[in-house]
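*Asks:* Each chain is listed here by its residues.
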Amino acid sequence: MLAYVVAVWLLVVGIVGIVTSRHLVHLVLCITVTQSSTYVLLLAVGFRENGTGRAPIFADLPPGTPVVDPIVQALTLTDVVVEATVTALLLALTVQVAKRFGTVDPDELGALRG
Amino acid sequence: MLTSLVVLVPILSATALAAASPFLPGRRGISAVAAVAGCAGLTAILLARTGTYTVTWFAGWHPRGDAAIGIAFAVDGIGAGLALFVGALGVVALVLSARLVQAETLLFDALAVLFVAAMVGFCLSGDIFNMFVFFELMSVSAYILVGYEVRQRAPLEGSLTFAVTNTVGSILLLFGIGLLYNKTGALNLAQIGRALEHGPLDLGVVVAFALITVGLLVKAGVVPFHLWMADAYAVAPTPICILLAGAFSELGLYAVFRILWTAFGGAFAGQEDALRAVFVGAGALTGVVGAAMCLLQHHLKRMLAFATIAQVGMFLVGLGLLTADGTAGAAVWVVGDGLVKAALFALVAVVQHREGKVTEAALHGRARDLWPLGLAFAFGALTIASVPPTGSFLGRSIVEDAALKLDGYRWVPALLAVVTAVVGGALLRAAARVFAGWGQRAPDDPYAEDRDAQDEPDERDGGADRADPFLWVPAVLLLGAAVVWGVLPGLRDSVAGAAAAFVDTDAYAAAVLDGAHHAVHAPTIHPPSITGYLYAAGSVAGALAIGAAGIAGLGGRLPRAVRATADGARALHSGRPTDYVAWLAAGATALTGVLALVLT
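Just so you know, the sequences run in chain order L and X.
Letter by letter, the first sequence follows residues 1 to 114 in this note's numbering.
Letter by letter, the second sequence follows residues 1 to 600 in this note's numbering.
Among these hints, one or two may not hold up.
[Said to hold, decoys possible] Rough simulated footprint, nothing fancy, chain X against chain L, three-plus residues with beta-carbon under 8 Å:
hint, segment
1, 51–59
2, 89–102
[To be verified] Among chain L residues calculated to face chain X with C-beta under 7 Å, some are:
hint, residue
3, Ile-18
4, Leu-77
5, Val-80
6, Val-82
7, Ala-84
8, Asp-107
[Said to hold, decoys possible] A short list of chain L residues far from chain X (calculated; beta carbon distances all over 12 Å):
hint, residue
9, Ala-7
10, Val-28
11, Pro-63
12, Gly-64
13, Thr-65
The set of hints was computed from the structure by calculation and includes no laboratory data.
Virtual Cβ for every residue (Gly too), placed ideally from N, Cα, C.
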């Protein structure tokens with residue numbers, strides 16, 4: 001249960017951080033905080049109560065042993081890869097903004113508006 | 001085999017293009033066009049071969065009982081049709097990019113092909129996590145393609161805003177998928193559907209559905225999640241605009257309803273009235289806001305971006321009616337409008353390519369010598385206002401008939417008429433000013449300072465005097481295709497069948513999980529009635545009147561309260577990613593709250 005609370009908390013503080021951000025790098029890091037809420041959620045979904053689940057590696061476990069859900073672990077791994085790509089791209093854009101326009105304040109953006 | 005090739009061919013081609021890029025500097029060829037054309041051809045074969053459903057389990061991991069461990073492509077007429085449309089627009093976009101995008105390497109082509117491949121895979125997937133992966137793949141490709149002209153300020157900022165907003169959206173989508181997996185232990189759409197069918201409809205299911213919907217509606221650009229869209233679409237290279245406005249946004253809507261019908265169809269059975277009110281309401285709001293903002297713009301590509309938002313609203317109304325004929329109408333309309341919008345973007349590119357400017361004021365009368373293209377642009381604007389016998393008209397009249405069958409939705413045809421008239425009128429005004437020089441020069445736009453001076457992606461090369469046939473011939477062909485789409489024999493029947501399969505939860509689950517073929521009852525869709533022609537006449541007349549009023553400069557003489565409201569609405573589109581995420585969070589909370597109230 002606690003894990004779900006943590007996941008929702010990360011989601012909420014991450015979004016609050018993005019909305020109130022005054023620095024693009026800070027903003028990107030807030031996005032990674034928000035992203036980590038999904039990792040916590042997915043892993044919590046696969047968790048077995050009271051820690052009865054073993055690691056899902058059947059090399060040395062007899063078939064039928066309770067294990068944590070391997071699917072959500074695979075999903076988390078995929079998710080980490082996907083989100084790392086996005087973070088890298090966002091940081092690259094931030095570097096370009098800083099280099100060309102000399103600002104990292106998201107509130108100074110807005111060449112396009114209206 | 002064929003189903004996998006549809007996605008494998010473009011993905012492998014993109015990889016090969018990227019790998020070849022360092023060895024072939026400065027070379028652009030037809031290889032990317034060939035890759036996308038091959039993908040489109042394979043999709044066409046797949047569409048022709050798909051009866052009701054075609055299900056492919058990769059590596060032979062077939063489901064046992066109701067448990068699907070493997071990953072499947074579950075193709076139906078709507079999915080394959082949309083994939084084919086994406087492929088076709090991709091060919092057009094890559095042909096145009098040969099002239100419009102000055103790329104030094106093959107990387108632009110590689111990304112564009114990857115973008116198409118991801119969208120095609122997204123249409124065919126029958127697994128919610130696979131959909132998420134394709135969704136992220138197409139999003140990341142799109143972020144880079146929008147910001148490709150990274151030396152200029154506007155594309156860089158547009159790309160950043162686009163990426164920040166959509167990443168938050170995709171996190172919410174994944175959060176919803178996680179909650180759904182927690183409830184059902186499944187990722188296959190049909191299996192989720194069967195698991196939810198028997199369980200109680202509790203708050204967890206509704207919140208999961210709400211978060212998934214929000215994530216996808218951010219992509220679709222439904223108010224209040226639309227703010228990033230005008231910024232990104234206005235600055236992307238024109239070929240990418242064609243793909244974004246014609247297919248990318250519509251894919252968001254497609255996924256909402258694909259997931260709604262297959263995974264939540266059983267869980268929400270009996271709740272159609274409440275859901276319908278929410279979706280049609282959101283669509284109507286999006287249509288009105290998009291149309292009003294379109295009228296206020298003077299930047300041609302931004303105008304087309306808001307036209308896209310308005311149309312997404314209309315498509316949401318059609319799909320949100322939650323009937324097979326509403327879905328069929330929206331499907332026909334998406335293709336019809338996508339073709340026209342692609343043509344309009346290409347025509348804007350002709351002028352922008354030559355003059356290096358893209359606002360009404362700067363271009364006033366500058367394209368007088370291109371008057372035949374002005375006529376084509378005006379025809380495109382009238383098509384958006386659904387002039388018969390185009391595909392837009394056919395789609396809209398099917399949606400109207402579907403709405404008239406439902407109690408309490410008899411106002412929908414009037415709404416569609418008003419929204420399409422306003423969008424068409426705004427585009428006609430722009431056509432008259434740019435291609436004929438009629439009326440006063442457009443007033444200076446307080447929001448457009450310096451845009452033309454340095455911030456526009458410069459798509460001009462060498463200042464050619466004449467219109468480039470490489471650009472206007474495809475545009476005219478696209479307009480022709482939009483007309484043909486409206487009179488294509490047999491189209492109504494096949495779309496009716498495909499839409500019936502799209503909305504049939506049980507038949508989909510049987511085909512995917514049991515390999516069984518259930519008969520699907522296709523609705524009869526009548527040709528446009530006299531009422532349909534009257535509504536179309538109304539919106540064409542409205543568009544002409546609004547266009548004329550715009551040229552006469554009546555906009556400046558509106559009551560002060562109206563102008564103040566318009567200024568306020570424009571000020572909300574502030575161009576700041578932080579504001580956009582705030583709106584996104586507010587909208588997500590509101591939508592979740594509303595759905596929780598009406599569904600539980």
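*Asks:* Run every hint past the structure and note whether it holds.
*Replies:* To see whether the hints hold, each was checked on the structure:
1. 51–59: With 0 residues in contact (Cβ-Cβ under 8 Å with chain X), the coverage given for the segment 51–59 of chain L is violated.
2. 89–102: holds (count 8)
3. Ile-18: 5 Å, holds
4. Leu-77: 12 Å, violated
5. Val-80: 11 Å, violated
6. Val-82: 5 Å, holds
7. Ala-84: 11 Å, violated
8. Asp-107: With a closest approach of 6 Å, the Asp-107(L) hint holds.
9. Ala-7: 8 Å, violated
10. Val-28: Not fine: 8 Å to the nearest Cβ puts Val-28(L) too close to chain X.
11. Pro-63: Since the minimum Cβ distance to chain X is about 16 Å, Pro-63(L) lies beyond 12 Å and the statement holds.
12. Gly-64: 17 Å, holds
13. Thr-65: 18 Å, holds
In summary, the numbered hints that this structure violates are 1, 4, 5, 7, 9, 10.
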